[in-house]
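6 protein chains.
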Amino acid sequence: MDGMNVSDIIKAALAEDIGHGDVTTGACVDPDAEGTAVVIAKEGFILAGYEVFLEVFLTLDPSVDFSVNRVDGERVKKGEVIMELAGPLATLLTGERVALNLMQRMSGIATLTDKYVRAVSGTNARILDTRKTTPGLRVLEKYAVTVGGGYNHRFGLSDGILIKDNHIAAAGGIAAAVIAAREYTPHTLRIEVECETLDDVKAALGAGVEIIMLDNMDVATMKKAVKLIGDSALVEASGNMTLKHAAEAAKTGVDLISVGALTHSAPAVDISMKIM
Amino acid sequence: MDGMNVSDIIKAALAEDIGHGDVTTGACVDPDAEGTAVVIAKEGFILAGYEVFLEVFLTLDPSVDFSVNRVDGERVKKGEVIMELAGPLATLLTGERVALNLMQRMSGIATLTDKYVRAVSGTNARILDTRKTTPGLRVLEKYAVTVGGGYNHRFGLSDGILIKDNHIAAAGGIAAAVIAAREYTPHTLRIEVECETLDDVKAALGAGVEIIMLDNMDVATMKKAVKLIGDSALVEASGNMTLKHAAEAAKTGVDLISVGALTHSAPAVDISMKIM
Amino acid sequence: MDGMNVSDIIKAALAEDIGHGDVTTGACVDPDAEGTAVVIAKEGFILAGYEVFLEVFLTLDPSVDFSVNRVDGERVKKGEVIMELAGPLATLLTGERVALNLMQRMSGIATLTDKYVRAVSGTNARILDTRKTTPGLRVLEKYAVTVGGGYNHRFGLSDGILIKDNHIAAAGGIAAAVIAAREYTPHTLRIEVECETLDDVKAALGAGVEIIMLDNMDVATMKKAVKLIGDSALVEASGNMTLKHAAEAAKTGVDLISVGALTHSAPAVDISMKIM
Amino acid sequence: MDGMNVSDIIKAALAEDIGHGDVTTGACVDPDAEGTAVVIAKEGFILAGYEVFLEVFLTLDPSVDFSVNRVDGERVKKGEVIMELAGPLATLLTGERVALNLMQRMSGIATLTDKYVRAVSGTNARILDTRKTTPGLRVLEKYAVTVGGGYNHRFGLSDGILIKDNHIAAAGGIAAAVIAAREYTPHTLRIEVECETLDDVKAALGAGVEIIMLDNMDVATMKKAVKLIGDSALVEASGNMTLKHAAEAAKTGVDLISVGALTHSAPAVDISMKIM
Amino acid sequence: MDGMNVSDIIKAALAEDIGHGDVTTGACVDPDAEGTAVVIAKEGFILAGYEVFLEVFLTLDPSVDFSVNRVDGERVKKGEVIMELAGPLATLLTGERVALNLMQRMSGIATLTDKYVRAVSGTNARILDTRKTTPGLRVLEKYAVTVGGGYNHRFGLSDGILIKDNHIAAAGGIAAAVIAAREYTPHTLRIEVECETLDDVKAALGAGVEIIMLDNMDVATMKKAVKLIGDSALVEASGNMTLKHAAEAAKTGVDLISVGALTHSAPAVDISMKIM
Amino acid sequence: MDGMNVSDIIKAALAEDIGHGDVTTGACVDPDAEGTAVVIAKEGFILAGYEVFLEVFLTLDPSVDFSVNRVDGERVKKGEVIMELAGPLATLLTGERVALNLMQRMSGIATLTDKYVRAVSGTNARILDTRKTTPGLRVLEKYAVTVGGGYNHRFGLSDGILIKDNHIAAAGGIAAAVIAAREYTPHTLRIEVECETLDDVKAALGAGVEIIMLDNMDVATMKKAVKLIGDSALVEASGNMTLKHAAEAAKTGVDLISVGALTHSAPAVDISMKIM
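Residue numbers (this note's numbering), protein chains in the order written: chain H, 605 to 880; chain C, 605 to 880; chain V, 605 to 880; chain A, 605 to 880; chain R, 605 to 880; chain Z, 605 to 880.
Honestly, I wouldn't trust all of these hints.
Identical copies go unnamed one by one, so any copy, or any two together, can satisfy a pair.
Using 27 Å as the maximum straight-line C-alpha spacing, the simulated DSS-like pairs for lysine-lysine come out as follows [claimed, not checked]:
no., residue 1, residue 2
1, Lys736, Lys878
2, Lys831, Lys848
3, Lys806, Lys831
4, Lys682, Lys736
5, Lys806, Lys878
6, Lys855, Lys681
7, Lys828, Lys806
8, Lys848, Lys681
9, Lys806, Lys719
10, Lys736, Lys615
11, Lys736, Lys719
12, Lys878, Lys855
13, Lys646, Lys878
14, Lys615, Lys719
15, Lys831, Lys878
16, Lys827, Lys719
17, Lys646, Lys719
18, Lys878, Lys681
19, Lys806, Lys827
Keep in mind the hints are simulated off the structure, nothing from the lab.
Same shape as in the complex, but just chain H (with noise of 0.2 Å):
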C-alpha cells in the first residue's frame, strides 16, 4: 500500500463521515475524558487493515495508544479481542463507523480471497483480483486480496497491457493489435490477449504474446486451450468464477484465475468496537 495514497482516503472518508463536527459526540462527551476501546470478532474471518483502522484514530489524533493482538492474515475467531485503544473518548467515538467500515471491508475480501485460494488448493493456479473495485478505494482492495493468499492484476490502465475483443477490432485483428502494443508500449509490459475461442488463442501464440486470457470458456475447451498453449505464454481464465468454476477450471492447469466477486461482491464481515 502507498501510504500517501491510503492517508488521503482516510482523510476524505472522516470528512465524509464527520460534516462540519460530530454534534452527540461534541454534546455529550468532555472533551479532555479518556477512554478505552476494544476490538472484537463477531464472526470468524481474515483480518485485513488493522492498520488502517488505527489510521484512522491516528489521523484525528496522533496521541491515540493501542496494542495489537493479531496481524494482517490472521484468521481470528468470533469473540476474539483484535485490538485496543486507548486515548481521548471522543475521538474513539468519531472515528469508530470510518475506522470499522474501512477493516470490515477489508476483511471481507480477503476472506472472500482465502475461499477461493482454498478451493483451488493443490493445482498451481493463483487467484486474480481484477479492476472491478470499489472506485476510490483501489489500493487498499488490492491490498486485502494479498493478505487473502490472492495476487494481483494490473493495477489499472497503465501498468499493464490487456488487449480485448474491442481493441482486437479497433487494430484490425490480433497480430496487428500485438504489433501496435510493441511498439506503442514501454517493454517492461508484458502482453496479455483475452481470446475466447480455440482460434483467438492460435492468433494469439502466433503473435507471441505472452500472457492469453481464456475468457468464459467451458472447462472442456480451457483444457484444450492450455495443452495448446503449453509453455509458450502464462494462461489465465476468467468470468463468472464462482467458487466451484474455479476448482474446476485450475484442474485444467491454468497458472491464473481472475475473480472479480473479490472485490465487487464480498459481503463485509462483523467487527464490533467495545468502549470499555
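Based on the hints, put chains C, V, A, R and Z in the right spot on chain H.
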C-alpha cells in the same frame, strides 16, 4: 445527489483507473475512430446510477452522445438494453470499467433495498440505510437506497443526533445526555436515543426524545417497547436485520428499520457494455 | 470546530498572504534569530479564537512555544496581555497578520453576540446565528457565536429543513411542502416553516411542523403568533434584528431569535501583537 | 480579479453551504421547474460583485440566464432592481444565500471605501486598503476597494516590501534593513519603511527609501513629516483612520492613506433576492 | 498524454505565474480589446507540444481561436510560423510565457531525442527515456520523447520492475530477487535486471529474466553480453550515453538504449510569440 | 523558499514517480531492513537543494537520519561525499530518483548562474533570472539562482510591472502605459519598461519610469542607452545572453543582466546515491 460532489468522485475514480494513460487503447485504437456501445443487463435488477454511468464518459469527452431506455428505479430484465452510447471509440473503451463499477454497485444496493422494502410491505415501516457505507461513495450509495424504495438516515455525524450507550455513559445518563444535546446542538435536529432495554426506553421517554432506536432487541421486547412508546416518539429498529427479521420487526409496529447490509454487503449486479 | 477543516482554512489563509515568500522578513531577519511576542487587547471585548491564533504559528513552525493568559469566552480589558509566544522571529513576523485577522474577526463576532445575549437576558429567548456568514469561514464564525453565548442554527442546507415562501409556492402550499419534507428528508431533522402572517402560522400548526419562524413580523403580531402556537412548536423570530428589536421580540415569548448581523456585520476588535 | 481564483472561492463557498445537498429544496421543488428572480437593493449603496453573484448560479448550472441593470461602481438606491435571473427554480433557491453573502460583503466594502474617498476629496490623497482582509477572500475584497474608488496596497507578503519596527530592530537599524532589502529582493519592488517619529523619517530618507509610512502619527507631526520628505518619497499615513482623521490627514499633503476598516469592519449591505 | 493530468499541470503553471493577477496587462490593456498573435520558430527544431500550448490559452478563455500550420513531430525551420491565435488581447499576453515555457521545453526534448534516434539509425536499437524527468512534468516529457522518435521506459515505480544492485543485495542475490518479484508483482510486468558484469548477466539469464540492462559497460563487454544473451532476453544499454557512445552501443546489437539526458539536460528551443 | 509550497512540490513529485507503489522494492526489500547511503558528486559543481533532497526522504519517512558535509552555495568536487543518510532501506530506494532529479536540476542552475556571475565579475552588473522557468518549480529554480550568486527578477505577473511592446501599443504609447500602471497598480511596485531603441529609452525616461530594460540591443547601442539614462533609472540588459555577450553587456555599465538560459537550459549535474 450533490452534483459537484459526484463529479469529484468520478474524476478520482478515473484518475485511479487510468493512471498515466490507457496504454492498450492508446496502442490499438485510432484516436479519431468513432464507436457505439450498448449497455446490457446480464441479470434482472433495479437500475440505479445511469446518470453517473453517463457522466463518466462525459467527463472524459463531452461530445459523447447517448440514448436512454431505462431510468433509475425501473426493474430491468436479463438481456435488456439499458442505454446506448456513441462517441470516440477510445473514450468508450477507457471509461467502461469505472462506469460499470459505479452503476453495478449502485444497482446492487437498489436491488437489495427493494427486497427489504417488499419484505415489510403491508406495514408502516420504512427501510432505512445507515452510515455503514463505502468510504468516499456515501452520496451515491444513499441515493441508491432511495432508488430502491428505502429512506435515508442521517448522512453523517453533523446532521443528526444519535445518542448511543457510550454517549449516555459519558454524559451521566440518558436525561443528562438529552439535556446536553438540547443545549449544544441546533434546534433543527431531532434527538434520537439508542435503547437496549425497556428501562432505557422509559428513560428516553422521560427525557422527551423524539426518536427511540431499539437496538438488537428480540421481537417480543420490541413489541413491548412499541406499545410503551405509543405516539410519543418515532421508533427505529436496528441490528442484524435479515430479510426475515426485518419482516417480523415491521409487524411490531416500528416506524423505521435500519439495515447496514444495504450498503456494506450488497453484491454488485451484472451489467455489460458491448461495443457494436 | 472540526479540526481538519480549521487546519485547511489556516493553510489557505497563509498561502494567500505569504504568496511565494515574505520578502521583507527574508531580507531583514536572520532565519536563526529567536523572538518573543505579546498579544495585547487594544480595547475591551469577548475573546474568541485564541487556539486558531496559535495554530497559525504552529502551522508555520511546530516549535513555536506559548503561554496563554485568557481563553475563549472571557471578557478581556483594554491593555491586557492575552498570551505570549516564543519562537523563530521570522515565523512570528510572517504569521502575525493572518493570526490577527482570524482572531480579531472571531472576537468581534463573540462580542456582538454577547451584546445580543445581554439584550434578551431575563427572557427564555436564545440568540441564534444564520447562514449569513463569510464564505469559507462558517465553522469559525458559528463557533464564535457560541463563545459569545449564542446558539447555532443549522450549519448549511443539508442539515436542517427550513421551508420558505418559495418552497411553499413550489410545493403547492404549506401542508404539501411539509408532507414532501417528511417523505424526502431524514427523520432525524425537524421541520421548520417560515411564516409571514398569522394565517401562515395556522397552516403550519395544522401541518404539524416542529418549528415556526416568524419572519419580519411586528411585535404585536409576534405576540399573537406566540399565543397561537403555545407549546405546539418552537418559535423563532427573524428579520432585521437590532439590539432593541431583539429585546422586544424576546419579551413576546419566542424561543429563538436569529440575527444575521452577528456574522455579516460584526466589526473586528482591535488586537495587537508586539515583538519584545 | 483572477478568474481561476474566484472560481475556487465560489466552489468552496457552495460546498460549505450545500454540504451533501439542499434537502428542503430537494423535497419541495420539482427538479424540472423553472423560475425567475429579481435582485433588489434594500438600502442605498455602491454595488460591487454582481459578476461574482452571477457566477455562483452559473457554477451550479451553466444554463441560468440573466439580465443586468446595474454594474459594479454604480450607486444603487433602495428598491432598485439590480438584475434578474431565470433558470431552474431549484438552482435559484440553492445558490441564493452564497451569492448574496458574497455581493453584500463586497458592496459593503465598496460603500465604505466610497465614504472615505469622499472624505478626502479635494486633496491628492488616495485611499488604500491593507492586508486586514477576510482570510480566503482577499482577491474579492481588494477588488471591491477599487470599485469604491480606493487603491490597493500590496496584495501580500511577497509582492511588496514594508519594513516595520521589528524588521528594523532585527536588521540593526533602518539603513541596514534597507541595504538588506535591496540585496535580497527583486529590483522591481519599491522599499517602504514604517516610521513612528520624525527621527525615523530622517533615517528613512537617509537610506533612500521610496515610500515612507507615517504610523499612528498625530496630525501636527504628520505635517512636519510631509514637509521634511518633500518629493523624496511617497508618503503613506496609517493607523486608526476614522473618516474624520482621514480627512485631516489628507490635508497634510500625504499621498496615501491606508484604512484597515475598509475590509475588516465594513458592514454588509442589505440586498434581497425574490423569486417571482 | 492523459488529458486530465495535463489540464492540472496547465492550471498549476498558470497559477504559479499569474499569482493574484497580471498587473501590467490589467493596467495597460482594455479587457474588451481583441488581438492576434503568430508563433514563430527562432531556430530549427522538432515541434512538440503545440496542443499544450493552445490549451494554456483555452484554459484562460475558451473563446480563443487558432489555426495550426505545424504539428508535433514535424521539423520546423527558423522563421516559420507554427500557428496563429486570435482572442482577447489580455489573454494572449497573460498566457504567453507559460505556453512558451511548456512548448519550448517539450520541443527541446523532441529535438534532442531526434538527434539520438538519428545517431543509431541503421541499427535495431530503440532510444528510450528514463525516470530522470522534471518533477511534475513527466507525462509531457515522456510524450515529447515519443514525438522525437524515441520510446518510453516505465513511467514510474509502479508500472515496471527494474531490479538494481541494491535490490539484489537486499534480496540475497539475483535469483532470489527474481523469485521475489515473480511472487509479489502482477504477472503483467516483465522483469528487468541491471547487470554490471558478465557474471551478472549470466546470473540474470539463469533466473529467466525477460530484460537485461547493461549498466555502464564498455563497448567491448557490451558486445560479449549481447552475444551471451542472444534471444533469451531483451538487452538495454544504459549509462552516460553521449551521442557517440549511443551510436557505438547500438552497433553491438542491443535492443534498447536509455538516455537520461533526453529529459534532464535538453536545452529549450527558441520560439517567440508576436502580437500583430 | 516558501516551505509549504516546497512540501507540495515534493509530494506531487513522489506521487508522480511512485504511482500506486514501488513494486520492485516491495518485492525485494524487507520493510524492516535498515540501510545507509552516501550522496556523491560525479563532477564538480555548485551545490543547491540539499535540503530539498533530504525533505524528499523525510516526506516518505520522518525517521530518516542524515549528516550533511556540504551546503548550498559550496563548490563541490568530483568524488566528494555531499551527505549521508540512514533509515529504512526501502525508503532510501524509493525516494532516490525524485530526490536526485530535484537536486541535480537545482545544482545545474546554480552552477550555470555561477558561470555568468564570474563572467561579469569586476563590473557592477547583477545576473538576474527570468520567468522562463520550469512550470511548477519556479520557487526552487529562483532559489537556485540566488545560490549561484544571481538575483531574482519578479516572481510572476502579479509582483512586478514590466511594460512590453504589446502593452505599450495597447495603451497608446509609453507615456500612456506608465500613467495607466501608476493608476492601476500598487504603489509598492516600481515600473519597468522594455525598450528596443534609443527613442524608446527617451520616451521611458520622459515618463519617469524607475527601470529600463534594453531588449536585444547590440553593445554599442547599449552603451549609448546607459549614458542617456545615467542615474535616472536602473538599467537591465536582456536578450540571448551568452556568457560572452553578458560579459560585454556588463562592461557597458548596465545594472542588471537577465538570462533566460539560467533556468530553461541549464543541464543537470551528475550526482549519485550509493547504498552502502
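A quick look at each hint next to the structure:
1. In this homomeric assembly, lysine 736 and lysine 878 come within 27 Å of each other (Cα to Cα) only across copies, at 17 Å, whereas the closest approach inside a single copy is 33 Å.
2. In this homomeric assembly, lysine 831 and lysine 848 come within 27 Å of each other (Cα to Cα) only inside a single copy, at 22 Å, whereas the closest approach across copies is 49 Å.
3. In this homomeric assembly, lysine 806 and lysine 831 come within 27 Å of each other (Cα to Cα) only inside a single copy, at 11 Å, whereas the closest approach across copies is 31 Å.
4. Proximity of lysine 682 to lysine 736 under the C-alpha cut-off of 27 Å is restricted to the inter-copy arrangement: shortest distance 20 Å between copies versus 29 Å within a copy.
5. Taking CA atoms no more than 27 Å apart as the test, lysine 806 paired with lysine 878 passes between copies only; the shortest distance there is 24 Å, against 59 Å inside one copy.
6. When the C-alpha separation of lysine 855 and lysine 681 is checked against a cutoff of 27 Å, the pair qualifies neither within a copy, at 31 Å, nor between copies, at 34 Å.
7. Taking the closest pair of Cα atoms, lysine 828 and lysine 806 come within 27 Å of each other only inside a single copy of the chain (11 Å); across copies the shortest separation is 36 Å, beyond that limit.
8. Taking CA atoms no more than 27 Å apart as the test, lysine 848 paired with lysine 681 passes in both settings, with 25 Å inside one copy and 26 Å between copies.
9. In this assembly of identical chains, lysine 806 and lysine 719 lie within 27 Å of each other by CA distance neither inside one copy nor across copies; the values are 33 Å within and 41 Å between.
10. Taking the shortest alpha-carbon separations for lysine 736 and lysine 615, both the intra-copy value of 23 Å and the inter-copy value of 17 Å come in at or below 27 Å.
11. Taking the closest pair of Cα atoms, lysine 736 and lysine 719 come within 27 Å of each other both inside a single copy (18 Å) and across two copies (24 Å).
12. Taking the closest pair of Cα atoms, lysine 878 and lysine 855 never come within 27 Å of each other, the shortest separation being 45 Å inside a single copy and 31 Å across copies.
13. Taking the shortest alpha-carbon separations for lysine 646 and lysine 878, only the intra-copy value of 12 Å comes in at or below 27 Å, while the best inter-copy value is 42 Å.
14. Proximity of lysine 615 and lysine 719 under a CA criterion of 27 Å is satisfied in neither setting, with 32 Å inside one chain copy and 34 Å between copies.
15. For a Cα distance limit of 27 Å, the shortest separation of lysine 831 from lysine 878 qualifies neither inside one copy, at 55 Å, nor across copies, at 30 Å.
16. For the identical chains of this complex, lysine 827 and lysine 719 are intra-copy neighbours only, at 23 Å inside a copy versus 40 Å across copies, given an alpha-carbon limit of 27 Å.
17. Proximity of lysine 646 to lysine 719 under the C-alpha cut-off of 27 Å is found in both arrangements, the shortest distances being 19 Å within a copy and 25 Å between copies.
18. In this homomeric assembly, lysine 878 and lysine 681 come within 27 Å of each other (Cα to Cα) only inside a single copy, at 17 Å, whereas the closest approach across copies is 44 Å.
19. In this assembly of identical chains, the alpha carbons of lysine 806 and lysine 827 lie at most 27 Å apart only when taken from the same copy (14 Å versus 36 Å across copies).
Taken one by one, the earlier hints fail for this structure at numbers 6, 9, 12, 14, 15, listed in ascending order.
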